[in-house]
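Participant: From the two separate chains plus the hints, produce the assembled complex.
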Amino acid sequence: MRKYWLALVLLTVTGSALAETTPIQWLEKMNAAYHQSNFSLSIIHLQRNHIQSFSFEHGIVGEDKVVYINSLTGPVSHSYRINNQVTYIDPEIKPYRVESATIVIASPAFFVDKEAAVIANYQLTLGGQGRVAGRAVQLLRLTAKDEHRFNYLLWLDVETSLLLRYDSYDLNNNLIEQMQAITFELRDQPDEKLVKLVNSDLKNVVKAPQVSTSTRWQFNWLPSNFSVAASDSHRLFTTTQPVDYILLTDGVSEISVYVARADDVAFPERLITPGGIAVARHRESGIDFTVVGKIPLETAIKISHSMVLKQTN
Amino acid sequence: MVCENKQQISEFIDGEALSDEMLIELASNEQLKDDFEHYQLIGDILRDELPPALNLSFAAKVAAVIELEPTVLVPRTAKNTVVISEKKPAKVIPLFSRLGQYGIAASIAAAMVIGVQQLNIEDSANKQPQVLQTYPMGGFISPVSLQTNASLESKQRAEQKQRLQQRRQVNAYLQDHILQQRLKSQMISTTEQKQ
Numbered sequence: 004m005r006k007y008w009l010a011l012v013l014l015t016v017t018g019s020a021l022a023e024t025t026p027i028q029w030l031e032k033m034n035a036a037y038h039q040s041n042f043s044l045s046i047i048h049l050q051r052n053h054i055q056s057f058s059f060e061h062g063i064v065g066e067d068k069v070v071y072i073n074s075l076t077g078p079v080s081h082s083y084r085i086n087n088q089v090t091y092i093d094p095e096i097k098p099y100r101v102e103s104a105t106i107v108i109a110s111p112a113f114f115v116d117k118e119a120a121v122i123a124n125y126q127l128t129l130g131g132q133g134r135v136a137g138r139a140v141q142l143l144r145l146t147a148k149d150e151h152r153f154n155y156l157l158w159l160d161v162e163t164s165l166l167l168r169y170d171s172y173d174l175n176n177n178l179i180e181q182m183q184a185i186t187f188e189l190r191d192q193p194d195e196k197l198v199k200l201v202n203s204d205l206k207n208v209v210k211a212p213q214v215s216t217s218t219r220w221q222f223n224w225l226p227s228n229f230s231v232a233a234s235d236s237h238r239l240f241t242t243t244q245p246v247d248y249i250l251l252t253d254g255v256s257e258i259s260v261y262v263a264r265a266d267d268v269a270f271p272e273r274l275i276t277p278g279g280i281a282v283a284r285h286r287e288s289g290i291d292f293t294v295v296g297k298i299p300l301e302t303a304i305k306i307s308h309s310m311v312l313k314q315t316n
Numbered sequence: 002m003v004c005e006n007k008q009q010i011s012e013f014i015d016g017e018a019l020s021d022e023m024l025i026e027l028a029s030n031e032q033l034k035d036d037f038e039h040y041q042l043i044g045d046i047l048r049d050e051l052p053p054a055l056n057l058s059f060a061a062k063v064a065a066v067i068e069l070e071p072t073v074l075v076p077r078t079a080k081n082t083v084v085i086s087e088k089k090p091a092k093v094i095p096l097f098s099r100l101g102q103y104g105i106a107a108s109i110a111a112a113m114v115i116g117v118q119q120l121n122i123e124d125s126a127n128k129q130p131q132v133l134q135t136y137p138m139g140g141f142i143s144p145v146s147l148q149t150n151a152s153l154e155s156k157q158r159a160e161q162k163q164r165l166q167q168r169r170q171v172n173a174y175l176q177d178h179i180l181q182q183r184l185k186s187q188m189i190s191t192t193e194q195k196q
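Chains W and P supply the protein sequences, listed in that same order.
Numbering follows my numbering, in which position 270 of the first sequence is assigned residue number 273; successive positions increment by one, without gaps.
Numbering follows my numbering, in which position 135 of the second sequence is assigned residue number 136; successive positions increment by one, without gaps.
With the rest of the complex left out, here is chain P (with noise of 0.2 angstroms):
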């Protein structure tokens, strides 16, 4: 049964067309999934086409998510397999674990996006142009979000490192002016006598 299994999975990577019912078994079956992965990697290596960096345990810890969503991420699997029975072999992707990777880094750069939405959203409905908003604590002018002309458009990451950088460097001279006077307090109270 297992060599059988195995020569159709082979067969399915050359190309031949895989019954559903065998598909569903190698969704399902962890022995099969790796023989599946093992044969794209002979693949991969007898075509040179490995990628930089190999993970070979990525894939497990791929499977463990996308187990939470099956109903969504097996049958477009599914489809997958059919484009590659119609003789497009060449660059074949380890059947769950890449689509998983992408997924993921995919959700990621959403949550990104969203934050930086809010963020903006935040900034712009709240604060006027030009104002600096400063936290102080403990008599320390701390974390400063400052407002340059905030256009909602402005979301690209280069714009918000340098509005961040911006701040920095307001808050650095906020910061130091705070604690220049207190360094030289006993300065001023000379200097005010001489008056």
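Isolated chain W, as found in the complex (with noise of 0.2 angstroms):
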């Protein structure tokens, strides 16, 4: 065993220093093109049976930082980002706007900003060299440290380092989403788009409100590295149920936990979505505890059944 390890020790140390630029390095030149670029993408999202496309603008108008995303099929849906505000416009819902670093959708910005996260919770290592929209890309395992998250792989642009395409995997290596660009195009200026968008921001959207952490829940087991990062009570937005929330996350995957009263009719306890994303039940004394996220099953009903009340003294 010892053996192996140092074998294993060896490899990595040989592999890194044949290799011009360490994984770690690669996360970090992509953070840092990713903030000082202007640059377009078009984007086509799969999930299993599902492919969704949209324009992507990034660039830097004066001292904003502004991000643009469209939806280029399906019903007509953008977001945007300007600095730490995000505003999401859907169909059928008032415009709101969220404090936020980064717009939740997948796009080149998945792994911005996340690499404390990821080497946390990843064993990360260089593949080949290969190609996405047309230009040269190097590859980027994610292996999941353990068996309660899923693994990924990254494929930087070679010249900027900016995140081309990105796949997850699930434990039997299903693919279970694709991120991958089409097109790409590095501008010296911002696109004229973001600079509109600037000076014509949304006045009057919706807020999103404040949130804590504090919860009368707690967990008597999680995977490694996850932890509370939000909690409130709230409705369901369609079926207006009342709920516990619990928000958790190992800074790359969130994992949202419910608690609410019992209903008669109750939908299976294990499910997974072509998206890969987990629904795990489970019921007890009267209160059903859900679990839903992009994490293997296994995991989300072992949360599933971890939660107790706290005691209060």
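Please note that a few of the clues may not be correct.
As the list claims (entries may be wrong) - Straight line, CA to CA, 20 angstroms or less: simulated SDA-like cross-link-like pairs of lysine to any residue: (1) P:162 to W:244; (2) P:162 to W:269; (3) P:162 to W:271; (4) P:162 to W:241; (5) P:162 to W:68; (6) W:210 to P:183; (7) W:210 to P:176; (8) W:210 to W:98; (9) P:162 to W:189; (10) W:68 to P:183; (11) W:210 to W:94; (12) P:162 to W:268; (13) W:97 to P:183.
Just so you know, these hints were derived from the structure itself, not from any lab.
All figures in this text were calculated on a predicted structure; none of them were measured in a lab.
Facilitator: Next up, the structure:
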């Protein structure tokens, strides 16, 4: 066993010595490039049997960092970010604004500023080179350190280090989702759209409320590095069912945990969507604990069984 | 002539046989049809057998539908009249209207059954059990078709309804999951920085 480790260490050391850039350096370069560049992409986002396409613009307009994402297929929906203000405009919902540094959608920004979480949860290895969106790319493998999260393959543009493609795979190596750039354009100046956006920023949008992390529930078990990011009580959007809500994250994946009074009609206890979202429901003394997230189903089930009320002294 | 006809219809309602000629006349003559209905109505009122919701204009709408299918419906109604003439007059049906009403109801029921069957076949043929079907739009996970143990026999409406409700529930959770990820994304990045 010790020999094996030695060999592995030797291999990685020599491997990284030979390669010009280490995986971590690649991630750092990607961050820097993302924050500094003006670029446009068209993206496809593939989820098992469903494809969506988006246009993605990133630019620096004066002092402002601006992102604009627009769906190209299906219902018209856009989102944009000006510095730390993200606005979502979807059909049939009032536009709403959230204070955040990221737009939550599959995009080249998916791993930006996440290197600490990536290093904590994944083994990083460099793969070969390939071509995406007509450009030379470097493959970077993120292999989960345990069986509680999915693996990723990242393809970074050799010239700019920007993320042009990522795939995620479940524990059986089935593709769950893929984000891939189809066209890529690096610009000297930000796209005109972004300049217009900054000047005509929507004023009349709903602002999302502030959230806390205190909750009356606690977990007897959580997968390593997952912790409570936020919690509140709210009603589900369509069924108006009141729930206690807890958001867990390891910095890369997010898990939603719901506590609700058990309903007469109950959906199956174990589900996986084609998009790789696991839904596990556990019923105990008239309460449904529901765990939803892009994580292995077994992990979701385990979390749903691990919840208890906090002991009040 | 009209008076004579009316008399014949009245007798017909009371159980007398009606000549074929007269039946055809009755089927085609608007005035006679009205008379027939009115007589029936009077009879119903006398016997205190009025339906709870009386819709007089319905017959006219149904007549229009029936006109499209004269070959099928007219002979049948003729048979009915034979039955009526065999002294079973108590609960007489307004000749064309109510029959049409059943016809429409039946065809709607048939359409529903076909629709449900197709739904089931499509569901079970394309998808594995216990796998959830989503069609995300614009970042939202939207309609879901949920597979519980989908056997082909589970066509009963109750189960359909329950399944729909299950879909709605799962959808609600999935949509909320996406929404909460957005609403609380700032907290996610701060959590990440702590690590």
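Participant: Determine for every hint whether it applies to the structure shown.
Facilitator: Against the structure, the hints come out as follows:
1. Straight-line distance between C-alpha atoms of residue 162 (chain P) and residue 244 (chain W) comes to about 18 angstroms, which keeps the hinted pair within the 20 angstroms bound.
2. Note on residue 162 (chain P) and residue 269 (chain W): the hinted pairing holds, with a Cα-Cα distance of about 12 angstroms set against a maximum of 20 angstroms.
3. With a C-alpha separation of about 15 angstroms, the suggested pair residue 162 (chain P) and residue 271 (chain W) falls inside the 20 angstroms cut-off, and the hint holds.
4. Note on residue 162 (chain P) and residue 241 (chain W): the hinted pairing holds, with a Cα-Cα distance of about 17 angstroms set against a maximum of 20 angstroms.
5. At most 20 angstroms may separate the alpha-carbon atoms for a hinted pair to count; residue 162 (chain P) and residue 68 (chain W) exceed this at roughly 49 angstroms.
6. Taking the CA atoms of residue 210 (chain W) and residue 183 (chain P), the gap is about 12 angstroms. The hint holds against a cut of 20 angstroms.
7. Annotation: proposed proximity of residue 210 (chain W) to residue 176 (chain P) holds, straight-line Cα distance about 19 angstroms (limit 20 angstroms).
8. For a cut-off of 20 angstroms, the pair hint linking residue 210 (chain W) to residue 98 (chain W) stands: about 9 angstroms separates their Cα positions.
9. For a cut-off of 20 angstroms, the pair hint linking residue 162 (chain P) to residue 189 (chain W) is broken: about 52 angstroms separates their Cα positions.
10. For the suggested pair residue 68 (chain W) and residue 183 (chain P), the alpha carbons sit about 19 angstroms apart, so the restraint of at most 20 angstroms is met.
11. Proximity of residue 210 (chain W) to residue 94 (chain W) is assessed by CA-CA distance (about 17 angstroms); at most 20 angstroms being required, the pair is judged to hold.
12. A hinted pair counts as satisfied when its Cα atoms are at most 20 angstroms apart, and residue 162 (chain P) with residue 268 (chain W) qualifies at roughly 10 angstroms.
13. Pair hint residue 97 (chain W) plus residue 183 (chain P) holds up; C-alpha atoms about 15 angstroms apart against a cutoff of 20 angstroms.
The structure fails to meet hints 5, 9 from the earlier list, while all remaining hints are met.
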